[in-house]
Amino acid sequence: MAAAPTEMDREQIFSMAEKEMEYRVEMFNKLTHTCFQKCVESKYKDSELNMGENSCIDRCVAKYWQVTNLVGVLLGNNRPM
Amino acid sequence: MAAAPTEMDREQIFSMAEKEMEYRVEMFNKLTHTCFQKCVESKYKDSELNMGENSCIDRCVAKYWQVTNLVGVLLGNNRPM
Amino acid sequence: MAAAPTEMDREQIFSMAEKEMEYRVEMFNKLTHTCFQKCVESKYKDSELNMGENSCIDRCVAKYWQVTNLVGVLLGNNRPM
Amino acid sequence: MDKSMMGDLNSLNQADQQRMAAMIDQLQIRDSLRMYNNLVERCFTDCVDNFKRKTLDKQEETCVTRCAEKFMKLSMRVGLRFAELNQGAATQD
Amino acid sequence: MDKSMMGDLNSLNQADQQRMAAMIDQLQIRDSLRMYNNLVERCFTDCVDNFKRKTLDKQEETCVTRCAEKFMKLSMRVGLRFAELNQGAATQD
Amino acid sequence: MDKSMMGDLNSLNQADQQRMAAMIDQLQIRDSLRMYNNLVERCFTDCVDNFKRKTLDKQEETCVTRCAEKFMKLSMRVGLRFAELNQGAATQD
Chain A
1 MAAAPTEMDR EQIFSMAEKE MEYRVEMFNK LTHTCFQKCV ESKYKDSELN MGENSCIDRC
61 VAKYWQVTNL VGVLLGNNRP M
Chain B
1 MAAAPTEMDR EQIFSMAEKE MEYRVEMFNK LTHTCFQKCV ESKYKDSELN MGENSCIDRC
61 VAKYWQVTNL VGVLLGNNRP M
Chain C
1 MAAAPTEMDR EQIFSMAEKE MEYRVEMFNK LTHTCFQKCV ESKYKDSELN MGENSCIDRC
61 VAKYWQVTNL VGVLLGNNRP M
Chain D
1 MDKSMMGDLN SLNQADQQRM AAMIDQLQIR DSLRMYNNLV ERCFTDCVDN FKRKTLDKQE
61 ETCVTRCAEK FMKLSMRVGL RFAELNQGAA TQD
Chain E
1 MDKSMMGDLN SLNQADQQRM AAMIDQLQIR DSLRMYNNLV ERCFTDCVDN FKRKTLDKQE
61 ETCVTRCAEK FMKLSMRVGL RFAELNQGAA TQD
Chain F
1 MDKSMMGDLN SLNQADQQRM AAMIDQLQIR DSLRMYNNLV ERCFTDCVDN FKRKTLDKQE
61 ETCVTRCAEK FMKLSMRVGL RFAELNQGAA TQD
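Chains as they are written, first to last, in full-length UniProt numbering: chain A, 1 to 81; chain B, 1 to 81; chain C, 1 to 81; chain D, 1 to 93; chain E, 1 to 93; chain F, 1 to 93.
Derived from the structure by calculation, the hints contain no laboratory data.
Since the structure is predicted, the reported quantities are computational estimates derived from the model, not experimental observations.
Some hints could be false.
Said to hold, decoys possible - Straight-line Cα separation of at most 25 angstroms, DSS-like style, residue types lysine-lysine; simulated pairs:
1) Lys19(A) x Lys30(A)
2) Lys45(B) x Lys73(E)
3) Lys52(E) x Lys45(C)
4) Lys19(C) x Lys52(E)
5) Lys43(C) x Lys43(B)
6) Lys58(D) x Lys45(B)
7) Lys73(D) x Lys54(D)
8) Lys43(A) x Lys30(A)
9) Lys73(E) x Lys52(E)
10) Lys52(E) x Lys73(F)
11) Lys54(F) x Lys73(F)
12) Lys38(B) x Lys19(B)
13) Lys38(A) x Lys43(C)
14) Lys30(C) x Lys43(C)
15) Lys38(B) x Lys45(A)
16) Lys19(B) x Lys30(B)
17) Lys30(B) x Lys30(C)
18) Lys38(A) x Lys19(C)
19) Lys73(F) x Lys54(E)
20) Lys38(B) x Lys38(A)
21) Lys43(A) x Lys73(F)
22) Lys19(B) x Lys54(D)
23) Lys52(E) x Lys30(C)
24) Lys19(C) x Lys30(C)
25) Lys19(B) x Lys38(C)
To be verified - With the C-beta cut set under 7 angstroms, the calculated list includes, among others, these residues of chain C facing chain E:
26) Met27
27) Phe28
28) Gln66
29) Leu70
The C-beta atom is built at its ideal place from N, Cα and C for all residues, glycine as well.
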């Protein structure tokens, strides 16, 4: 069983967790806006996403994720994402 | 007369007020940059705003405000702005 | 020898230093992205910066710096940068 | 934002877990306000180009409404796909 | 940024009001530094496109100066209109 | 980010210097995560335009790799030039 974290560890855990979450929120927002740009035509003829847009979105998210991992490796960031 | 706020309430008031102000500052900045983009021609022939630019700016601000309210209603945000 | 800073001074020093650093980080990021946009052709034919790109980058940084100072003067900001 | 991303929450004691949950709540509030601002900016930019009047005309209003509704649907879909990828549940093409 | 937006300041005691005012000051400092950065980026992007020399030529300098002055005038005007709308004082077209 | 920008660090006592150093570390971590996000967004936007499949093809992968490598080299070069200018060491054209 792991020892209880010290005061310093605890502050570091909070601080890293906060940055990690900010990072993920920002990634999600950039991903959303980028895939909106790439997949939704800006004429807005109706308010539903059609089938073409939906599959474009799924592939856009998948590719964005792969680019994130690829760039992470190049930056020397070894953990997934 | 209202009771004094508790410690918890007080922290929440500060925290919400801070986010609210950040939100408004960000809205103001986006509004400013968007209306600059829409109304000021980027040749910069002189350093004054001409009459056409000024009335464009006024209408741009008014319409941006309406879009903010319209989107707010769609997001289920009932308070004004 | 200067007197030790008071508690209030100290908090202000930290707070100003933090904003100053945030400002410089943001400037560096904007500068980097702007010069990437201006100097690197987006076909990405290879992964090296060629001589033309390198000298473009140097001049881009120098000019960005001058624009920062020029705008600073216009905003009534007298200190360098 | 996905609360499940905080797998190591369990190694913390109860007070710390509460503090972490409060932090997550704060980030979610800030995030939803930002999303609101970004959505307004995007739909305004795409839909409003005429500044001869100071009120939105019917066509602009329809465009903004559709833009916002499409964005929200897309955002939900992206959230689902994103969560699947976070769980390593992505399937092949 | 408009201090009048904080209508509920009055329900706080004096120490809290001071704390709130300090928070507003902090946000204003951060905001003005951000505005500075954004203004530089925009005027640079619009005015500087030639990288054959490392110093701004006269034409670029004039362009940047006008860009910044126009932006500041626009920003003030937007601030006034924004404050009117915040007070529900918008008049009809 | 350049630690040398904090010239007034020396007027602080040791505890304060540690606190300042910790603050700088925090900003650097946040900054590098933001840079990562921005780099991904830019290279994705420039390199990926085909959504007929859900995996990157070889050409897209090459493009992303080059984009990221160019960006990192540019970022280092900008950092050097920026530091020179910060020290007033800029030479003439």
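Outcome of the hint check:
Restraint check for Lys19(A) and Lys30(A): satisfied, since their Cα atoms lie roughly 16 angstroms apart, inside the 25 angstroms limit. As the CA atoms of Lys45(B) and Lys73(E) are separated by approximately 15 angstroms, the hinted pair is consistent with the 25 angstroms bound. The suggested pairing of Lys52(E) with Lys45(C) holds, with an alpha-carbon distance near 23 angstroms, which does not exceed 25 angstroms. Distance restraint check for Lys19(C) and Lys52(E): the Cα-Cα separation of roughly 35 angstroms exceeds the 25 angstroms cut-off, and the hinted pair is therefore not satisfied.
A distance of roughly 28 angstroms separates the Cα atoms of Lys43(C) and Lys43(B); the hinted pair therefore is violated under the 25 angstroms criterion. Note on Lys58(D) and Lys45(B): the hinted pairing is violated, with a Cα-Cα distance of about 35 angstroms set against a maximum of 25 angstroms. Using a Cα cut-off of 25 angstroms, the hinted pair Lys73(D) and Lys54(D) is violated, with the two alpha carbons roughly 30 angstroms apart. In summary, the hint linking Lys43(A) to Lys30(A) is supported, as the alpha carbons are separated by about 21 angstroms, within the 25 angstroms threshold.
About 32 angstroms separates the Cα atoms of Lys73(E) and Lys52(E), which puts this hinted pair outside 25 angstroms; it is violated. At roughly 21 angstroms between alpha-carbon atoms, Lys52(E) and Lys73(F) fall within 25 angstroms of each other, so this suggested pair holds. A threshold of 25 angstroms between alpha carbons decides the hint, and for Lys54(F) with Lys73(F) the separation of about 30 angstroms lies outside it, so the pair is violated. For the proposed pair Lys38(B) and Lys19(B), the alpha carbon gap of about 28 angstroms is over 25 angstroms, so the pair is violated.
Of the pairs offered as hints, the one joining Lys38(A) and Lys43(C) holds, with about 18 angstroms between alpha carbons and a cut-off of 25 angstroms not exceeded. Of the pairs offered as hints, the one joining Lys30(C) and Lys43(C) holds, with about 21 angstroms between alpha carbons and a cut-off of 25 angstroms not exceeded. Using a Cα cut-off of 25 angstroms, the hinted pair Lys38(B) and Lys45(A) holds, with the two alpha carbons roughly 23 angstroms apart. Our distance criterion of 25 angstroms between C-alpha atoms is met by Lys19(B) and Lys30(B), whose separation comes to about 16 angstroms.
Taking the CA atoms of Lys30(B) and Lys30(C), the gap is about 17 angstroms. The hint holds against a cut of 25 angstroms. A hinted pair counts as satisfied when its Cα atoms are at most 25 angstroms apart, and Lys38(A) with Lys19(C) does not qualify at roughly 35 angstroms. Distance hint between Lys73(F) and Lys54(E) is fulfilled; the C-alpha atoms sit about 20 angstroms from each other, no more than 25 angstroms. Taking the CA atoms of Lys38(B) and Lys38(A), the gap is about 23 angstroms. The hint holds against a cut of 25 angstroms.
Taking the CA atoms of Lys43(A) and Lys73(F), the gap is about 39 angstroms. The hint is violated against a cut of 25 angstroms. This hinted pair does not check out: Lys19(B) and Lys54(D) have alpha carbons roughly 29 angstroms apart, beyond 25 angstroms. The straight-line distance between the Cα atoms of Lys52(E) and Lys30(C) is roughly 21 angstroms, inside the 25 angstroms bound, and the hint therefore holds. Taking the CA atoms of Lys19(C) and Lys30(C), the gap is near 16 angstroms; set against the 25 angstroms cutoff, the hint holds.
Proposed proximity of Lys19(B) and Lys38(C) is contradicted: the alpha carbons are some 35 angstroms apart, above 25 angstroms. At a threshold of 7 angstroms, the smallest CB-CB gap from Met27(C) to chain E is about 5 angstroms, leaving the interface hint in force. A distance limit of 7 angstroms between C-beta atoms decides the matter here; for Phe28(C) the minimum to chain E is near 10 angstroms, and the interface restraint is violated. This hint holds: Gln66(C) has a C-beta 5 angstroms from the nearest C-beta of chain E, less than the 7 angstroms allowed.
Given hint, Leu70(C) at the interface with chain E, holds; its Cβ is 6 angstroms from that chain's nearest Cβ, closer than 7 angstroms.
Hint compliance for this structure: hints 4, 5, 6, 7, 9, 11, 12, 18, 21, 22, 25 and 27 are broken, all remaining hints hold.
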